[in-house]
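Using the sequences and the hints given, assemble the complete structure.
Each chain, written out:
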Amino acid sequence: MVKEKLYPFHIGILIYMTQTGVLVLSLPRMLAETFGYNGWLALPILAAVASLNIGLIAIVHRMGKGKSIFSILESALHKAVLFPLYAALSAVWALTGCMTAKNYVYIFQMLSFNTTHPMLFKALLDILIYLLMIKGIYNISKASTSFFWMIQWMLLLLIFFVKDFSWVRMTPFFFKGGTDVLKGGMSVFTAFLGYELSILLFPYSDSNKKVMRAVFAGHLFTTFNYIVLSFICFGFFSFEQLKKLMYPVIDLLSYIQLPFIERVENLLFAFFLFSTVATVVMYLWAAQESMRQMMPGVPQKLLAFIIVTASFIVSWVPDTLVEVGKWLEYLGNASSGIAFALPMLLILILLIKKGAKL
Amino acid sequence: MRLLKAIVTLLLAGLLAAGCGQQRILEKLGFIQATGYDLPSEQEREKGRELLVTINVPKADPQGKMKLETLSASVKSSKEARIEFARQTELSLVSGQLRNTLYGVSLAKIGFMNHIDTLVRDPSISQLVKVSVVNGSAHDLLIKRYPEHPNTGQYVDRLLEKESISMAIPRITVYDFTRDYYDDGIDPIAPILKQNAKNIAVDGIALFHNDQYKTRIEPDKTLIFAIIRQNFKYGEMSINLAEDKGEEGQVIFSSVINHRKIRVTREQTDRFSVVIEIVTRGSVHEYTGNLKLSDDADRKKVESLIAGHIEREAGDMLVLMQKNKVDSIGIGQYVRNSMSYSEWKKLNWEEVYPRISIACKAKVIIQDYGKFK
Numbered sequence: 001m002v003k004e005k006l007y008p009f010h011i012g013i014l015i016y017m018t019q020t021g022v023l024v025l026s027l028p029r030m031l032a033e034t035f036g037y038n039g040w041l042a043l044p045i046l047a048a049v050a051s052l053n054i055g056l057i058a059i060v061h062r063m064g065k066g067k068s069i070f071s072i073l074e075s076a077l078h079k080a081v082l083f084p085l086y087a088a089l090s091a092v093w094a095l096t097g098c099m100t101a102k103n104y105v106y107i108f109q110m111l112s113f114n115t116t117h118p119m120l121f122k123a124l125l126d127i128l129i130y131l132l133m134i135k136g137i138y139n140i141s142k143a144s145t146s147f148f149w150m151i152q153w154m155l156l157l158l159i160f161f162v163k164d165f166s167w168v169r170m171t172p173f174f175f176k177g178g179t180d181v182l183k184g185g186m187s188v189f190t191a192f193l194g195y196e197l198s199i200l201l202f203p204y205s206d207s208n209k210k211v212m213r214a215v216f217a218g219h220l221f222t223t224f225n226y227i228v229l230s231f232i233c234f235g236f237f238s239f240e241q242l243k244k245l246m247y248p249v250i251d252l253l254s255y256i257q258l259p260f261i262e263r264v265e266n267l268l269f270a271f272f273l274f275s276t277v278a279t280v281v282m283y284l285w286a287a288q289e290s291m292r293q294m295m296p297g298v299p300q301k302l303l304a305f306i307i308v309t310a311s312f313i314v315s316w317v318p319d320t321l322v323e324v325g326k327w328l329e330y331l332g333n334a335s336s337g338i339a340f341a342l343p344m345l346l347i348l349i350l351l352i353k354k355g356a357k358l
Numbered sequence: 359m360r361l362l363k364a365i366v367t368l369l370l371a372g373l374l375a376a377g378c379g380q381q382r383i384l385e386k387l388g389f390i391q392a393t394g395y396d397l398p399s400e401q402e403r404e405k406g407r408e409l410l411v412t413i414n415v416p417k418a419d420p421q422g423k424m425k426l427e428t429l430s431a432s433v434k435s436s437k438e439a440r441i442e443f444a445r446q447t448e449l450s451l452v453s454g455q456l457r458n459t460l461y462g463v464s465l466a467k468i469g470f471m472n473h474i475d476t477l478v479r480d481p482s483i484s485q486l487v488k489v490s491v492v493n494g495s496a497h498d499l500l501i502k503r504y505p506e507h508p509n510t511g512q513y514v515d516r517l518l519e520k521e522s523i524s525m526a527i528p529r530i531t532v533y534d535f536t537r538d539y540y541d542d543g544i545d546p547i548a549p550i551l552k553q554n555a556k557n558i559a560v561d562g563i564a565l566f567h568n569d570q571y572k573t574r575i576e577p578d579k580t581l582i583f584a585i586i587r588q589n590f591k592y593g594e595m596s597i598n599l600a601e602d603k604g605e606e607g608q609v610i611f612s613s614v615i616n617h618r619k620i621r622v623t624r625e626q627t628d629r630f631s632v633v634i635e636i637v638t639r640g641s642v643h644e645y646t647g648n649l650k651l652s653d654d655a656d657r658k659k660v661e662s663l664i665a666g667h668i669e670r671e672a673g674d675m676l677v678l679m680q681k682n683k684v685d686s687i688g689i690g691q692y693v694r695n696s697m698s699y700s701e702w703k704k705l706n707w708e709e710v711y712p713r714i715s716i717a718c719k720a721k722v723i724i725q726d727y728g729k730f731k
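One line per chain: the protein sequences are A and B, in this order. The first sequence lines up with residues 1 to 358 when you count with my numbering. The second sequence lines up with residues 359 to 731 when you count with my numbering.
Among these hints, one or two may not hold up.
[What the hints assert, rightly or not] Cβ-Cβ distance ranges computed for the label pairs, FRET-style:
(1) A/GLU74 x B/SER698: 54 to 60 Å
(2) B/ILE723 x A/ALA270: 46 to 52 Å
(3) A/GLU262 x B/ILE365: 29 to 35 Å
(4) A/ASN208 x B/HIS617: 52 to 58 Å
(5) A/LYS163 x B/ILE723: 22 to 28 Å
[As the list claims (entries may be wrong)] Counterexamples of contact, computed for chain B against chain A with all Cβ distances above 10 Å:
(6) ARG537
(7) ASP538
(8) SER596
(9) ASN648
(10) LYS659
(11) ASN695
(12) GLU708
Just so you know, the hints here were simulated from the structure itself, not pulled from any lab data. Fair warning: this is a prediction, and the values are worked out from it, not measured in the lab. Even for Gly, the Cβ is constructed at its ideal location relative to N, Cα and C.
Take a look at the structure:
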């Protein structure tokens with residue numbers, strides 16, 4: 001059987017969809033809290049940091065000639081060393097995925113079905129995620145592409161806010177009135193996470209330069225969306241108000257009024273399910289990829305089942321929205337750490353091997 | 359295979375049954391359409407009940423006739439009122455269709471932000487719920503039946519909506535109110551409603567300092583207020599030129615398109631001079647004076663008379679606002695934007711505002727004067 005390869009276009013969209021998740025709902029508030037007035041301007045800076053990280057991944061891709069990172073690791077390190085590394089990677093990625101899903105469920109329940117057990121919704125979501133996961137990365141990327149069109153039209157909704165947007169509210173102050181820039185900045189940075197999973201896509205795509213360019217394009221598109229959305233929020237809400245809104249984007253949506261339908265935000269919020277599913281599937285898939293190295297004999301479907309079930313059980317633990325937020329913050333920091341450390345480790349290995357050959 | 363089928367069937371049945379979990383049957387729901395908040399009577403307040411809440415719930419009727427249920431209760435908080443109301447009705451009350459919140463003037467004077475807070479917090483409530491002040495008691499306004507308008511909530515909503523289109527009153531929603539409340543350079547406003555013998559009427563604009571009602575704009579001056587507050591595209595005002603020296607007659611200035619600019623110059627650390635520049639254009643379709651609108655010089659004169667009228671009225675209004683320390687048109691925003699962050703933080707705007715000099719410069723353009731020379 002000829003293995004189908006991922007096209008650069010699909011890779012770009014896949015990265016974009018993985019990056020865009022539930023965090024976008026609170027992103028403008030986080031920017032206002034952390035960076036103060038005109039905090040949206042911090043986005044290009046953080047995006048540049050993420051771009052550097054993508055640069056590291058691109059170096060791995062070039063030096064390793066598109067080889068799977070696992071074969072690079074296994075060619076240099078002993079299994080006993082790699083085992084805990086794989087375990088840690090799977091754990092962080094799987095938990096990030098399942099907490100993102102739980103976060104979505106909790107926000108959804110704030111809007112509707114408040115008293116139904118959250119884990120029931122989580123279970124439904126997990127079934128969907130499992131079904132997508134076992135189809136493999138090629139189909140995940142195809143599904144992501146169709147999900148992409150289902151949510152991307154929503155950017156046009158921003159036209160609604162032009163009337164109430166006010167330049168006066170933007171103020172000429174930059175980064176004033178913020179709080180802990182380092183801690184807050186790290187939380188905001190997690191909104192960009194998702195691009196680091198591109199490191200696992202090497203064996204599934206052609207080994208030419210286009211792959212990394214597509215990853216970068218996806219990341220740029222995410223940045224563009226974030227900037228437009230946050231910019232609108234800073235001019236639409238007053239600064240102190242924005243700092244108080246838990247999910248400014250939901251409030252933004254609730255401002256939309258159509259002549260034939262009111263309270264569309266409940267409907268529109270459901271569309272965020274698509275980007276959430278895409279994000280969660282990618283993280284769980286990444287966990288599965290890494291776990292497969294530990295248990296090469298186990299069939300893929302069983303592996304997917306184990307990961308989904310295990311993460312379902314763990315996600316039972318935090319049972320308020322605040323707790324889920326805290327977990328996500330820690331996991332986000334861990335994921336950021338992996339995003340930088342993993343490519344650096346790989347570059348180191350490749351450099352040493354290159355040196356040994358000479 | 360058979361086992362798999364059984365499992366799938368069972369799962370599907372489970373999924374479908376989950377739909378029975380939280381049922382919402384239309385006939386059993388009471389959609390709250392309008393809520394009124396007032397201060398309760400002395401005796402009630404002595405018992406610790408701080409709030410008199412009134413709600414308006416339209417009911418579905420098989421005969422198609424409009425039925426309205428009005429409930430009220432004296433309580434400690436607005437959410438407690440929901441529990442109290444539940445005891446008084448067979449319907450399950452939901453607030454997803456809430457359109458209007460009315461605040462009695464006595465409550466507005468002591469401030470009602472903590473009641474707006476629950477409207478912002480509750481995700482089932484739209485951010486487009488309108489906020490207005492009742493000149494009198496919101497309870498009395500809602501509890502009364504208006505034979506010509508069987509559905510009071512809808513009546514109030516449509517009245518406010520229609521009036522705001524012609525800029526007679528601003529359209530103030532929960533979003534607008536909270537936005538201006540939290541902004542440090544502007545104070546919130548809200549339309550005022552009044553209960554008449556047979557109907558409800560718009561009765562000017564309430565000006566707030568923080569969330570406390572301080573003073574109001576009279577109903578016949580609301581367009582002047584709109585002119586100095588924002589850009590807009592549709593409005594109508596009636597001007598009595600006899601009030602000004604020299605001329606007589608009445609002008610109806612309609613289809614007004616307004617552009618406003620605010621310029622701030624800083625004279626000393628805490629002395630500012632502010633100029634509000636207004637360019638407003640519109641049509642004159644009614645004029646009862648002696649000047650000829652078709653004559654260029656005469657028309658220019660009418661234009662300058664209208665401009666003079668706007669400047670004078672706006673000047674009085676600004677004095678009134680400064681006296682009451684309400685920055686309802688958001689001059690603070692422009693002052694804030696004219697300086698650095700640390701300077702703004704050092705400046706006590708509330709103290710400085712009443713002392714600044716504000717001038718209003720109006721330019722009026724009569725775009726057309728109808729189809730009669």
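Cross-check of the supplied hints:
1. Between A/GLU74 and B/SER698 the CB atoms are about 58 Å apart, so this pair conforms to the stated range of 54 to 60 Å.
2. The beta-carbon spacing between B/ILE723 and A/ALA270, approximately 49 Å, falls within the hinted interval of 46 to 52 Å.
3. At roughly 42 Å, the beta-carbon separation of A/GLU262 and B/ILE365 lies outside the given 29 to 35 Å, and the hint is violated.
4. For A/ASN208 paired with B/HIS617, a C-beta distance near 56 Å keeps the hint of 52 to 58 Å intact.
5. Remark: the range hint 22 to 28 Å for A/LYS163 to B/ILE723 is upheld by a beta-carbon distance near 24 Å.
6. B/ARG537, annotated as away from the interface, has a beta carbon of chain A within 10 Å; the closest lies near 5 Å.
7. The claim that B/ASP538 is not at the interface with chain A is violated, since a C-beta of that chain comes within 10 Å of its own (minimum 7 Å).
8. Its beta-carbon lying about 28 Å from the closest one in chain A, B/SER596 satisfies the requirement of being farther than 10 Å from that chain.
9. With 10 Å as the threshold on Cβ separation, the claim that B/ASN648 sits away from chain A holds: the shortest Cβ distance comes to roughly 42 Å.
10. Once the 10 Å rule is applied to beta carbons, B/LYS659 is consistent with being away from chain A; the minimum gap is 35 Å.
11. With a least CB separation of 5 Å from chain A, B/ASN695 falls inside the 10 Å interface cut-off, contrary to its annotation.
12. No beta-carbon of chain A is positioned within 10 Å of the beta-carbon of B/GLU708; the least distance is around 15 Å.
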